[in-house]
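Enquirer: Take a look at the letters that make up each chain.
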Amino acid sequence: MSRHLTSKAGLGRFRLFSFLCLAFLILAVSQPGISIAQVDTFEFETQEQQKRFRALSDELRCPMCQNTSLSGSTGGVAEDLRREVHRMIMEGMSDEQIEQFMYERYGDFIFYKPRLKPETILLWFGPLLFFLSGAIVLVGIWRKAKRMDAEPVVVTGESKSRLDALIAEHGRSKAAAENPNE
Amino acid sequence: MSRSFAFLPVAAFVVLALVMWRGLYLDSKELPSMLIDKPMPAFDLTTVDGNSVTKDSLPSEPFLLNVWGSYCLPCLVEHPTFMRLSESGEIPIVGVNYRDQKALALNWLEENGNPYVFSILDEPGRFGIDLGVYGAPETYLVDSEGVIRYRHVSVLDETVWREVFEPAIAELRAEEAE
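Sequence order for the protein chains is A and B.
Under my numbering, the first residue of the first sequence carries the number 1, and numbering increases by one thereafter.
Under my numbering, the first residue of the second sequence carries the number 1, and numbering increases by one thereafter.
Be careful, since some hints might not be right.
[To be verified] Lysine-lysine pairs mimicking DSS-like chemistry, simulated, CA-CA at most 30 Å apart: (1) B/Lys-38 to B/Lys-55; (2) B/Lys-38 to A/Lys-113; (3) A/Lys-51 to A/Lys-113; (4) B/Lys-102 to B/Lys-55; (5) A/Lys-117 to B/Lys-38; (6) A/Lys-174 to A/Lys-160.
Keep in mind that the hints were calculated from the coordinates and are not lab data.
Just so we're clear, the structure is a prediction, and the values are computed from it rather than from any experiment.
Based on the provided sequences and hints, a complete structural model is requested.
Expert: Structure below.
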């Protein structure tokens, strides 16, 4: 690598490469936040209403396109649902009421954060379950290793004579290496 | 540490692999409808021909409710099945013209044939939201009381008709005859 860096072209290539790496990292880290919001011309009376609209259309999932929120989707049904969210906000409905409206029609799927109930327990706590089982295995291995370290190693019989022979051999070759002239 | 403990990771791997294997064959598009066994939502709209329709205009026997649009290519694929069903009088079909334009809808029916008793005009897609529609085509089986019994997402071709709808309709009719 260092030889490449001495040439000018190599340095340019390396810079481009590191720039691409950086761009990739930024993209990877910011992925969940990326949402190319669709431009609608909705009007609001207060900033609060506009904020709620943004939050709701980011939290609700487009039923047709599955992996985009209402705010990021060009799908027909997403457009209709954004209009409905706007209407309900302007009519003074609470976030809970709007979420209930969506739930009655589209079910748990509409929420990026599904409600906690028997059908969704695995979805909510599955990752924790995986984490815990991993931790248990890790602790088991660690404790076993520690116990093995604590036990003195006893070598007897044939193993002992082989071990003694090996140590003697090692001592001889070491002495030979230190005094090569002898 | 006991020997059996060493098999734990293998067991965990097998369980995980089985779950994921199953996941490969799950159809993520087949979402359960929230309206199964619930009455059809009320409406006060017009048909594409301009007649006013409400829930009372619906057939008083089991019928199909088909969500369609002139822009929808898969609707053309399932259209011959609906034409055959309406010609043989097997089951009445009510259309929901979803997110379309009236003129285009009328033109489409003229060109391809009209298998529908009537088509409810839903230009803004508002009735579609009440039904929990994601996009055309979708087909619902509704009983004589106006209760939604089944929903099929995407094309209803002859295979789906034979394997899903025919038995479901037979069962529903038997249940209603009792």
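Enquirer: Please list, smallest to largest, the hint numbers that this structure does not respect.
Expert: none
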